[in-house]
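S.K.: Okay, here's what each chain looks like letter by letter:
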Amino acid sequence: MEKSSAYKLKLGIFVTVIIAVLIVGIYFIGDRKQLFNNTFRVSGIFKDINGLQVGNNVRFSGINVGIIEDIEQISDSTVQVSMLIDEDSRKFMKKNAKAIIGSDGLMGSKILIITAGKVGEKSLENNDFIETRQPINMDEIFAKLKITGDNAASITGDLAAIMENIRSGKGTIGKLFMDTTFAENLDKTLINIKQGSKGFKKNMDAASQNVFLKGFMNKKDEKKEKK
Amino acid sequence: MIASIKIFFEEVAHLAMFTFQFFKQVFKPSYEFKEFIKQCYLIGYKSFPLIGLTGFIMGLVLTIQSRPTLVDFGAESWLPAMVAVSIIREIGPVITALIFAGKVGSGIGAELASMKVTEQIDAMEVSGTNSFKYLVVPRIAAATLMLPLLVISADVIALYGSYIGCNINGDVSFPLFILQVFEKLSFADIFPAVIKTFFFGFSIALIGCFKGYNATNGTQGVGKAANAAVVYASLGVFIIDMIAVQLTNLF
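Taken in sequence, the protein lines are chains B and A.
Under the numbering used here, the first residue of the first sequence is numbered 1, with each subsequent residue one higher.
Under the numbering used here, the first residue of the second sequence is numbered 228, with each subsequent residue one higher.
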């Protein structure tokens, strides 16, 4: 009898320990899936979810706070995404918070990012709908990039035509750059102006010595000294 | 040729009847509870050191072997998650079941075969004991319930081996390792893997008992029965594993 209870004890300890390990493991996984946690549900309507899947993470301020619970197509252009989010972070999510679909790194899986709303708004309630913003689609970016590229091409084409005109001396700027006679004319004009202004200065000097204007000049000098 | 095919089908029919008889006997009252506990101890507890050591080496080696490929991809941080998924989903249950078949399947086969050829089983029948209920049912029930526990313990020890493997070349703290392991695991990884081990345990003990209980030709038959038990039990493990994979993929 003594021997029999010894092996029963060993067997009992063995079975208990392993079942405990299994339960701890299940709890760890369930904890991550948030089955045993307090959660609340929020939904958002998207046009295009870019390959978001059930079980993807929901991120708020860079923290994983929940998972995508369900994805349902409700019409030809709208998809409803419902998510389970940790109750603890509810107080930080305001009514006007926005949901955007992004990706975890360049190659990583999709995530749903919630941006905090304005301070002072009420917090989200259970089963609320959250505002959404269209995710940035790589194809859209490429389409826009193509338009930009086309525009750049036509601009550089115009620029090339203008440069061509300038080089051949057409138009005002072209003359300025390329026409040598224009420059000579300008030079001559400048010399003429110089001579003209010299003559003008002589006239003015003579005027200041003039009897009729002397009184006026003296008054002006006095005012300067006072100051 | 035709004779061997005939023998094969007769064998299948015998095995089916044997299985049917097991299910008929296992629910009938007057349970051999004491014998069941004793077999649990012999089959489960006594196999633990062997399976623990195998599990540890399995985790360590798998980690060290996978490392260079993952380093090439720059995905070294995925090592714990990848090793954990492959151990828990596939390698843990199958390798443990094969070791279990080698230790327990052959043990049951040889034990019952030697009882059979020395006519101990016939003597039990004559004395009014239900030999099937006393010998076969507790062994199959014990193996069915003990193998899942052994697989779980082997998984845990293999993960510890993997942790050591990660720390031979790299540096991963234990909390981070646990976090990375459980981050990638889901219930879909654990439950099918645990459920199929019940079937592994059942088939290993069933084939062991069947081969032993139907042994013939004296002492020669004992060796044959033990050998056949291991071979067919291992084959059975792989066949059940293939079916289990298909069933898991359905959901």
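The hints are simulated quantities; they were obtained by calculation from the structure and are not laboratory data.
A virtual CB, placed ideally from N, CA and C, is assigned to each residue, including glycine.
Treat the hints with caution; some may be incorrect.
Cut-off 27 Å, straight-line C-alpha distance, at most; resulting in silico cross-link-like pairs (BS3-like, lysine-lysine) [as the list claims (entries may be wrong)]:
1) B:Lys10 <-> A:Lys273
2) B:Lys10 <-> A:Lys360
3) A:Lys360 <-> B:Lys8
4) A:Lys261 <-> A:Lys273
5) B:Lys198 <-> B:Lys170
6) A:Lys330 <-> B:Lys10
7) A:Lys261 <-> B:Lys10
8) A:Lys411 <-> B:Lys10
9) A:Lys265 <-> B:Lys8
10) A:Lys360 <-> B:Lys170
11) B:Lys175 <-> B:Lys188
12) B:Lys146 <-> B:Lys170
13) A:Lys233 <-> A:Lys273
14) B:Lys214 <-> B:Lys188
15) A:Lys233 <-> B:Lys8
16) B:Lys118 <-> B:Lys47
17) A:Lys330 <-> A:Lys273
18) B:Lys214 <-> B:Lys202
19) A:Lys411 <-> B:Lys8
20) A:Lys261 <-> B:Lys8
21) B:Lys201 <-> B:Lys220
22) B:Lys110 <-> A:Lys255
23) B:Lys98 <-> B:Lys118
Calculated Cβ distances over 10 Å to all of chain B for the following chain A residues [claimed, not checked]:
24) Phe236
25) Glu237
26) Cys267
27) Gly271
28) Phe275
29) Leu297
30) Val312
31) Met342
32) Leu376
33) Ser380
34) Ser413
35) Phe414
Which residues of chain A face chain B? A few of them, derived with a C-beta cut under 10 Å, are [claimed, not checked]:
36) Leu269
37) Glu352
38) Leu372
39) Asp382
40) Phe404
S.K.: Confirm or reject each hint.
M.R.: A quick look at each hint next to the structure:
1. Distance check on the hinted pair: Lys10 of chain B and Lys273 of chain A sit about 10 Å apart at the alpha-carbon level, within 27 Å; holds.
2. Between Lys10 of chain B and Lys360 of chain A, the direct Cα distance comes to roughly 25 Å. Compliance with the 27 Å bound is thereby established for this hinted pair.
3. Taking the CA atoms of Lys360 of chain A and Lys8 of chain B, the gap is about 21 Å. The hint holds against a cut of 27 Å.
4. Simply put, Lys261 of chain A and Lys273 of chain A have alpha-carbon atoms about 17 Å apart, close enough for the 27 Å limit, and the pair holds.
5. For the hint pairing Lys198 of chain B with Lys170 of chain B, the CA-to-CA distance comes to about 36 Å; that exceeds 27 Å, so the pair is violated.
6. Pair hint Lys330 of chain A plus Lys10 of chain B holds up; C-alpha atoms about 20 Å apart against a cutoff of 27 Å.
7. Restraint check for Lys261 of chain A and Lys10 of chain B: satisfied, since their Cα atoms lie roughly 15 Å apart, inside the 27 Å limit.
8. Simply put, Lys411 of chain A and Lys10 of chain B have alpha-carbon atoms about 34 Å apart, too far for the 27 Å limit, and the pair is violated.
9. This hinted pair checks out: Lys265 of chain A and Lys8 of chain B have alpha carbons roughly 8 Å apart, not beyond 27 Å.
10. Restraint check for Lys360 of chain A and Lys170 of chain B: not satisfied, since their Cα atoms lie roughly 113 Å apart, outside the 27 Å limit.
11. Between Lys175 of chain B and Lys188 of chain B, the direct Cα distance comes to roughly 16 Å. Compliance with the 27 Å bound is thereby established for this hinted pair.
12. Using a Cα cut-off of 27 Å, the hinted pair Lys146 of chain B and Lys170 of chain B is violated, with the two alpha carbons roughly 34 Å apart.
13. For the given pair, Lys233 of chain A sits about 39 Å from Lys273 of chain A by alpha-carbon distance, which is inconsistent with the 27 Å threshold.
14. Taken as a hint, the Lys214 of chain B and Lys188 of chain B pair is broken in the structure, with Cα atoms around 37 Å apart against an allowance of 27 Å.
15. Of the supplied pair hints, the one linking Lys233 of chain A and Lys8 of chain B is violated, its CA atoms being roughly 46 Å apart against a limit of 27 Å.
16. Among the hinted pairs, Lys118 of chain B with Lys47 of chain B is consistent with the structure: their alpha-carbon atoms are about 25 Å apart, no more than 27 Å.
17. Restraint check: the Cα-Cα separation between Lys330 of chain A and Lys273 of chain A comes to about 10 Å, which is no more than 27 Å; the hinted pair holds.
18. Distance check on the hinted pair: Lys214 of chain B and Lys202 of chain B sit about 16 Å apart at the alpha-carbon level, within 27 Å; holds.
19. Taking the CA atoms of Lys411 of chain A and Lys8 of chain B, the gap is about 37 Å. The hint is violated against a cut of 27 Å.
20. Between Lys261 of chain A and Lys8 of chain B the CA atoms are separated by roughly 10 Å; this keeps the pair inside 27 Å, and the hint holds.
21. Under the criterion of a C-alpha separation no larger than 27 Å, the hint pairing Lys201 of chain B with Lys220 of chain B is consistent with the structure, at around 19 Å.
22. With a C-alpha separation of about 55 Å, the suggested pair Lys110 of chain B and Lys255 of chain A falls outside the 27 Å cut-off, and the hint is violated.
23. For the given pair, Lys98 of chain B sits about 10 Å from Lys118 of chain B by alpha-carbon distance, which is consistent with the 27 Å threshold.
24. The claim that Phe236 of chain A is not at the interface with chain B holds, since no C-beta of that chain comes within 10 Å of its own (minimum 40 Å).
25. Under the 10 Å C-beta cut-off, the non-interface status given to Glu237 of chain A relative to chain B holds; the minimum distance is some 39 Å.
26. Residue placement check: Cys267 of chain A does not keep its beta carbon more than 10 Å from all beta carbons of chain B (closest about 6 Å).
27. Gly271 of chain A, annotated as away from the interface, has a beta carbon of chain B within 10 Å; the closest lies near 7 Å.
28. A cut-off of 10 Å between C-beta atoms contradicts the statement that Phe275 of chain A is not in contact with chain B; the least separation is 7 Å.
29. Look at Leu297 of chain A: its CB is around 15 Å from the nearest CB on chain B, clear of 10 Å, so calling it non-interface holds up.
30. Every CB of chain B is more than 10 Å from the CB of Val312 of chain A (nearest about 12 Å), matching its label as outside the interface.
31. Annotated as non-interface, Met342 of chain A keeps its C-beta farther than 10 Å from every C-beta of chain B; the closest such distance is 22 Å.
32. Some Cβ of chain B comes within 10 Å of the Cβ of Leu376 of chain A; the nearest lies about 4 Å off, and the non-interface call is violated.
33. Under the 10 Å C-beta cut-off, the non-interface status given to Ser380 of chain A relative to chain B is violated; the minimum distance is some 5 Å.
34. The Cβ of Ser413 of chain A sits about 6 Å from the closest Cβ of chain B, inside the 10 Å cut-off, so the non-interface label is violated.
35. Distance check for Phe414 of chain A against chain B: the nearest CB is about 6 Å away, which does not clear 10 Å, and the non-interface claim fails.
36. For Leu269 of chain A, the suggested interface contact is upheld, since its CB lies about 9 Å from the closest CB of chain B, less than 10 Å.
37. About 26 Å separates the beta-carbon of Glu352 of chain A from the nearest beta-carbon of chain B, more than 10 Å, and the hint is not met.
38. Checking Leu372 of chain A against chain B by beta carbon gives a least distance of about 9 Å; that is within 10 Å, so the hint holds.
39. Using the Cβ-Cβ criterion of 10 Å, the hint placing Asp382 of chain A at the interface with chain B is satisfied: the shortest such distance is roughly 8 Å.
40. Against a cut-off of 10 Å between C-beta atoms, the interface hint on Phe404 of chain A is violated, since the closest Cβ of chain B lies about 13 Å away.
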